[in-house]
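The lines below spell out each chain.
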Amino acid sequence: MSLFLIVAVPFLGALLPGLMNSAGRKACAGVTFMVTLVAFVGLLSQLPAVLAGEVVQARVEWLPALGLNVNLHLDGLAFFFAALILGIGLLIIAYARSYLARGDNMGEFFTYLLLFQGAMVGIVLSDNILLLLIFWEMTSLASFLLIGYWKHVVEGRQGARMALTVTGMGGLALIGGLLILGQIAGSYDLSVILENREAIQASPLYVPALLLILLGCFTKSAQFPFHFWLPRAMAAPTPVSAYLHSATMVKAGIFMMARLWPVLSGTTEWFVIVTTAGLLTMVIGALIALFKHDLKALLAYSTVSHLGLITMLLGTGTAFGAMAAMFHILNHATFKAALFMSAGIVDHEAKTRDIRLLGGLRKLMPITFVIATIAALSMAGIPFLNGFLSKEQMLEEANRTVLFGAPWLVPVLATVGSLFSAAYCFRFIGHTFFGPVRDDYPAKPHDPGAGLWLPPAILVVLVIVIGVAPFLAEPFVKLVTADVLGAAAEVPKAYFKIWHGLVPALFMSIIAVVGGFLMYLVFAPLLRAWDATPRPDAKPMFDGVIAGAVALARGLIAPIHDGAFTRYAAVMVLAVLGAGYYAFGTGVVGATAREMQPMTPIAVGGWAMVIAATAVLVVMHRYRLFALVMIGIVGLMVSAGFVFFSAPDLAMTQFTVEVVTIILLLLALNFLPKRTPDESGALRRIRDAGIGIIGGIAATALSFHYLMRDAIEGPISAFHVANSYKGGGGTNMVNVILVDFRGFDTYGEIIVLGIAALLIYALTETLLSGPVRARLLNRKPDQAFAGDAHPMMMVVLTRVIMPIVLMVGFYIFLRGHNEPGGGFIAGLIVSIAVVMQYMASGFGWTSARLRYPYHGVIGAGVLVAGLTGIGSWFVGKPFLTSDFTYVRIPPFQEFELATAALFDVGVFLAVVGAVMLSLESFSRLARRVDMVESEHPMEINPARDDPAEDPLNELRKARTETA
Amino acid sequence: MTHWLIVPVVLPALMAPFIVLAARYHLSIQRVMSVATMLALVALGAGLMWQTSDGTVLLYQLGDWAAPFGIVLVGDRLSTMMVLLTAILALFVLIYAIGSGWDTRGRHFHALYQFQLMGILGAFLTGDLFNLFVFFEVLLIASYGLMIHAGGNERLKAGVQYVLFNLLGSTLFLFALGSIYAETGTLNMADLAIRVQGLEPGAETAGLRVAAVLLILVFAIKAALVPLHFWLPSSYAEAPAPVAALFAIMTKVGAYAIIRVYTMVFPAEIEATAGLHGTWLLPLALVSVAVGALGILAAKKLDRLVTFAVISSMGTVLVAVGMFSQVGIAAALYYMLHSTLAAAILFLVVDLTRHGRDTLQLITRAPVAGAALTAGLFFFGAIAMTGLPPLSGFLGKIMVLQAGFAQPAAVWIFSVILISSLVSVVGFGRAGSTVYWKANIVEPDPESEATAPSVMAYAGVGGLAAVLILLTVFAGQVHSYTQATSAQLFAPNTYLSVVLETPGKLSDPKGGE
Amino acid sequence: MELLVASAIGVLTAGGIYLVLRLRTFPVILGISLLTYAVNVFLFASGRLTIGAGPILNRYEDLTYADPLPQALVLTAIVISFGMTAVVVMIALGAFLGANDDHVDDIDDTEESAQ
Amino acid sequence: MTWTVIGTYATAICLLIGSAFVMVGTIGLVKLKDSMTRLHAPTKVGTVGVGAVLAASIIHNFTFGYGSYHEVLIMAFLFVTAPVSANFIAKVNIHERECDTPPKPTVDEHWATLKPNGIEKMPDQPAQPSNGG
Amino acid sequence: MENRSLFQRIVPHPFLTILLAIVWIVLQNQFSWGMAVFGLILGIIIPFATAPWWPLSPQSFRMGKMFSYAVIVLWDIIVANIEVAWIVLTVPNEKLKPAWISIPLTLKQPEAITMLAGTITLTPGTVSADMSSGGHSLLVHILHTDDPDGVRDEIMSRYQARLEEIFA
Amino acid sequence: MIDLFNLPVGDGPGATFLAWSVAISFAVVVISQILAMVRVAVGPGSGDRILALDTMVVNAIALIVLLGISQGTSIYFEASLIIAMLGFVSTVALARFILRGDIIE
Ligand code: NA
Ligand code: NA
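So the sequences go chain by chain: Y, F, B, C, D and H. Quick note, our numbering runs 13 ahead of the 1-based positions in the first sequence. Quick note, our numbering runs 110 ahead of the 1-based positions in the second sequence. Quick note, our numbering runs 400 ahead of the 1-based positions in the third sequence. Quick note, our numbering runs 18 ahead of the 1-based positions in the fourth sequence. Quick note, our numbering runs 1 ahead of the 1-based positions in the fifth sequence. Quick note, our numbering runs 11 ahead of the 1-based positions in the sixth sequence.
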């Protein structure tokens, strides 16, 4: 089977259990088993090639530019690990099928499990280290899901997060390390990297890369000081613990170190770091394991300890060490998986894993007892069991290793570690199975069905077979070792046998076993001493670190993201000022190129007005209506300034917009407080004034800078001046630019207006359909109202003036192309005319008599403008291409017809619609329950009097008489 | 004369008023028209991208006026890619909006949505700086409408800040444009590039530098670069979910503009702009990455968490942009595609999570129907966003890191991005396990009437997820496209000559007047 | 003359910034209006200052004119900012009506009350 | 030539008259003692003043350019609207009690402005600054 | 209203139509028949479109008398403006004698009353400030007078009486 | 100062007189404008402020017309017309706001 398939099968198969969930538990487990089996068989199909020393390859490009390709390879090492993963996987699946409770979602469980399995296989088969990284991180994720699988278990969630955090951290470090490694080697393919030992070790980036990679490996493999997450992960269902946290995932770190052994090992840094970490982990893990009462915790720490052992072996950097490591991996996988499953059986049956509540199970669960005992003795290093063999090799290697210049250090620590190891093994056996049968088990235990005990039994058979006949494993281990060593070293000649003679390792081993047994015997006082000894507990420390990090993050983030817009704005202004100052200050400033134009008194007068009005506005802004008046003055003077500087269109637009804006603001102010409270303190005001003044100085300086210089090349508007009549058919260049040269801007601009109106309308609707509605309807006005809402004089004047204003609007519209004016201003003027009518007789009365669908007006405007633009497509021209012609219809003079004018109609309609829709919205908000819709255009009208009751009849009569 | 290039702008611009006029009271017609438009836009985007994929630069002279005198739309690899991305995002987000019923919770959703797209697409396509301003305004004002869609006090308060901040931004934009016109006498980007690069050595540069720096600040605000990012968290958190999801592209508009303008017009290596953006964009981007990650960890609400993830991911984009190298920009573009989708997915998932919950605070609530699927999607989105394998976020991050090797600040780039990733992972892990896992310890509320979100809502999220997966699987192809795009950006001769040498009405090539 | 215009821009900017930093929406909107004036004049001034030469083409004489392009740009900007102002006024009003509070700062109390 | 001279002088004189009235109106606005009396000055004098300036513009145009008389419209507009503006301002003054309370109307009960239209005068502080500070 | 002729319906306010046409011509700033016709067309269209907002117009309106009234008022304006200017410049504040007067309104048409009020305001020294709640009195403020009743009678005879004739 | 207006009055009789008249008018209007603004600021009543603002609008028209005279152009006509119309509208709007709160009720 292709390597792709071997990796892909678990992933593809992961879909199945989830889908089969409804088909029943058996089906779920069955399909998962089958999927794994397919992959396993696929792997085995490559065995002949592997045994023949070939490296099976499969390559496909994924991200070649990045050097990230799906390059897989299968050599002995990869095969070894893949076989472990898939083989143990098969057993675990069978075991899990019986283990999981009825309420557990099996589909979910097996989906995660298969995802994990696929990722794990991916790690070991990857030839590309970036690809390996992907699988690496996926195992962390799958592990996260599996540890947290029992979502009701608090420890599960916490353990999952801790595992994710620690291995995630390692994973990210690994990313950095591997990227550096690839950078040094010039490729991310392992096959290339492994050939670059000299280059890598000579590189100045070697040490950072090594540290980062080791951080990844140590966290993943729970090496000291990152060992603490693993026992917490034991909250997972036992199959998960057995599979991930014993047999496979934790070995990913080991695998990585083995894989990169040829290029990374052999340096002092590698030796010191790896060996030390391994040794310490071995000793500390074993010590902690000894005093754990939870069977799985005990096994977990024992795993930590054994991983330390393997790490230490890899750290020595010798070929023999590497070989011993590989052998121990094999052995550890067999006995530890069996132990986990046994512990799971005990837990499953006795409903507790607390060793203090157990004991005497030997009689109740004989099968389990046998399996567990053999596995545990192997772990303790008892001869004729495989654990003994690799431990011997380890001790032998330890004997030869000199760390920190002390030849005794490593052997002593190795022996101590082995001693503790033996002790907890004896305790595991003794406290669980020996002793009297108790009557207070949480549940009455007995041997389970074969589904649960057969998988560990198979493993135990292996334990014995290898233990008795190590030569059976020898070629395979050597094959694997050869692949670990690569070109860096030769596979050692040593034989795998039970009896090596009276070598120091044997004595160390004896010391360990005997000492271990003695410790087991005096366990009770030791436990008391242990309990009395203060020692750091990882969980609260970890929690503390996380809580501290969260608190730190909150302390940093929350205060500056607290919703204080005013500060956000201040920061932004300061950032802009700072950046602008920097940019200007670091540039070249030349001499001015233009003459300053002399000031005229009028200009100075106008200038003084703007300054004064602005100053008064700023000082008195808290009186809101007054502020509006002042801003009106500023706008008026700015408009006058535009006139002064030859921009009549601008002046008109500015002023019209000004008035409409003030009207809108007045409409809004009707609902708002009329005064701004005096809230900000003097300091704050000084600060803000300071920022404002700096900003003002900057704006002055910048504009003065530009005003006194010419553009680096002639402005493009020369073209517009030259062609506005020739090409645009108008003499008002500004208007021609607006509707023709840059008509697209204008198109966007009217859309902005249209959206503004739609938005205002939509918000009004929303407000009026929510809780605000009642409040608005029953609103108590905050000011006294004068009588006579619609005074006669205004009404009568409007009747005459409004049509005239409309006509002026029309006039402005028509003239726009050639003289100041145009669709936009015309639209505003027409709106103003209607506003006048609203103000005269009220919105209700006015709109009841003439109701335009303002939505429609906006829509029509935008559509007309857009369709005018599209119209040019039909003559094969781009959007908004204008054309014009001169027409003469008697009795009128010749006049110009330009498509741009049609576009201007669109502008006009959109403006009118937008302004009117906005006003309508405000008016609807202002409606109160106590308001009566007026049926008359004016409140007071003596013409409506009943002639008979006219109080002035007397007077009139009297006057007629005198006349 | 083909008009394809302008259709992405004009189609929604015509569809919106049409919806307002003709289908104002017919929701189903609005929906059908809206979706149809999105499908058409996807097709258009794909077509344009295919057309430009060989390096062709498409030009559309509005009003038949040649650049720089008139406004032109320019389609190159970059702009068409952004058009397609926007269209795809908008399609699925729209499906979600319909499926979740968000479009019925206020008026004119569909019209505003169309206008929003018009603005975004116009911003991507225009070749004129002032026109870019206009499209910014179109997209902003539509976004105001969408942001406060459905109302509510919190949303309106956030809306006020959002609008005000952007008004300040628009003001700054105008200051920048005034500076640019005053200094160079032109507004067309290509013309500007020629004029800027034609500066004699030793010529006066102070004014030009200010113009360049003001402009990049405008774009940085849009791109939520720290410390100009303050507008983002509350506005995105309070915006209706589909809107927030659509907004995922809006920050990219800022990034796009930075890429466009600061590779072609104001490249970092010319004398006039030396030290202007090269010096501080990258450090600030790194700070953004960190601030975003810390915000993820600090968040007490799920929606706030996602907004900080957006800040962090924008930071990553800008880190890559800030290298101003060809590999850097290629990485930035890929990461931009990714983070747009990832952010959108997360915003939608957060909304799905809201189903049956009274709060988005990171506290435990009873599980509701559909929670498992939602949780799965959250997990997916979180993996994508934090840059964990195997999704595109990881690939994008690797690209950014690889590009970072050549930088003097490589150590910083590596440490900040990697450590921030870890912090994000922790933050997402905390939040996800609290919200989705812990729910299982609470008894489901039998009174709860919350039903599972509709299939269509899931389809919207699922569609985005599918696109993200495609982005992962075809990462090689996509990346070679972004590399080609980056190469095109760093060799803008074709762009410049197509824009400036195509004759228009009354003008010879190179502007005979 | 240039100095007058430049300093007027500066004063408008300064006043605008000061008001933008106030605590209530109404003055902030006024501040934005002032800033809008400032920037409009600034943009207008990018065509330099011309007196007595409005950009209305004289078809019969060859004259010089004020630069029409910035004028057109400012027109567009004025219209757009008008739409924006209308919108911000409405949204601010909506926010005020909903919460009976017109502070711009929205000090986040939901964050604090969590858990 | 004669017409030009007459036009020139007429323009100038109109301008001087206009500015005189503008000045007087402004003085009235500044000097007069209460709101109602102040109302007299600018609405009329100012209007006439600007009217004269507009007349000057018309004359000037007739003298030196082509005939242009559309300033008449502005003048007419100001004239027509001035009374209404004044009326509104007077109503504001009455409403805000910025002047002596007017005597009762000859006929009818109230003056329209003072007739409560459903809303009584609120005992609120005035929404306006009471003085320049 | 319902028995209005077709002409009345199309041209509801003939004087307004003419006024608009004149305004149009003035706006054009140069006379041409084409523009006059166009102005007239607009003068018909615009009032037609806005007719609902001017539901009732005065039944009678004497143009001739209106003309002479206008001449009188214009003269008054010019003369009395000078008076007011004199008052403003010379009379010190403490010697100023402002006064309110109430003018009984014999006019009934809103158009007529407005014209009266406008006249009062435009003529110097007086401002029409308010109207009584029934519309039967006009409140006028006088800038400076020793004889408020005299001013009232003057207004009633000089303006109101004439307007009554115009709108009779 | 007088040359600044660059009046198209030729060198005919009265040209200087006209130029001086224009200058005086400008001065008067500007002063009037400033004084009116003082009244806006000082008040005290809303009526006073509105009145002063209205005066300022009228003065602005005068300014623009003077500018037109001094530059010999009539392109500012529309601007003055619009200011006249809108000035009235804003006066009414402000007054209505004081009187009724809602200006288009
Ligand atoms: Na125009
Ligand atoms: Na007036």
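For the record, the hints were derived by calculation from the structure and aren't laboratory data. Even glycine gets a Cβ: it sits at the ideal position worked out from N, Cα and C. Be aware that one or more of the hints could be misleading.
Unchecked claim - For lysine-lysine, the following BS3-like pairs were computed, each having C-alpha atoms within a straight-line distance of at most 30 Å: (1) K364(Y) x K164(Y); (2) K49(C) x K96(D); (3) K39(Y) x K411(F); (4) K49(C) x K109(D); (5) K364(Y) x K305(Y); (6) K98(D) x K51(C); (7) K66(D) x K133(C); (8) K96(D) x K122(C); (9) K491(Y) x K376(Y); (10) K122(C) x K51(C).
As the list claims (entries may be wrong) - Label-pair ranges, simulated between beta-carbon atoms: (11) L90(D) x D118(C): 20 to 28 Å; (12) V942(Y) x Y135(F): 51 to 59 Å; (13) K49(C) x V601(Y): 55 to 63 Å.
Provide an ascending list of the numbers of those earlier hints which the structure does not satisfy.
-> Failing hints, ascending: 3, 4, 7, 9, 12.
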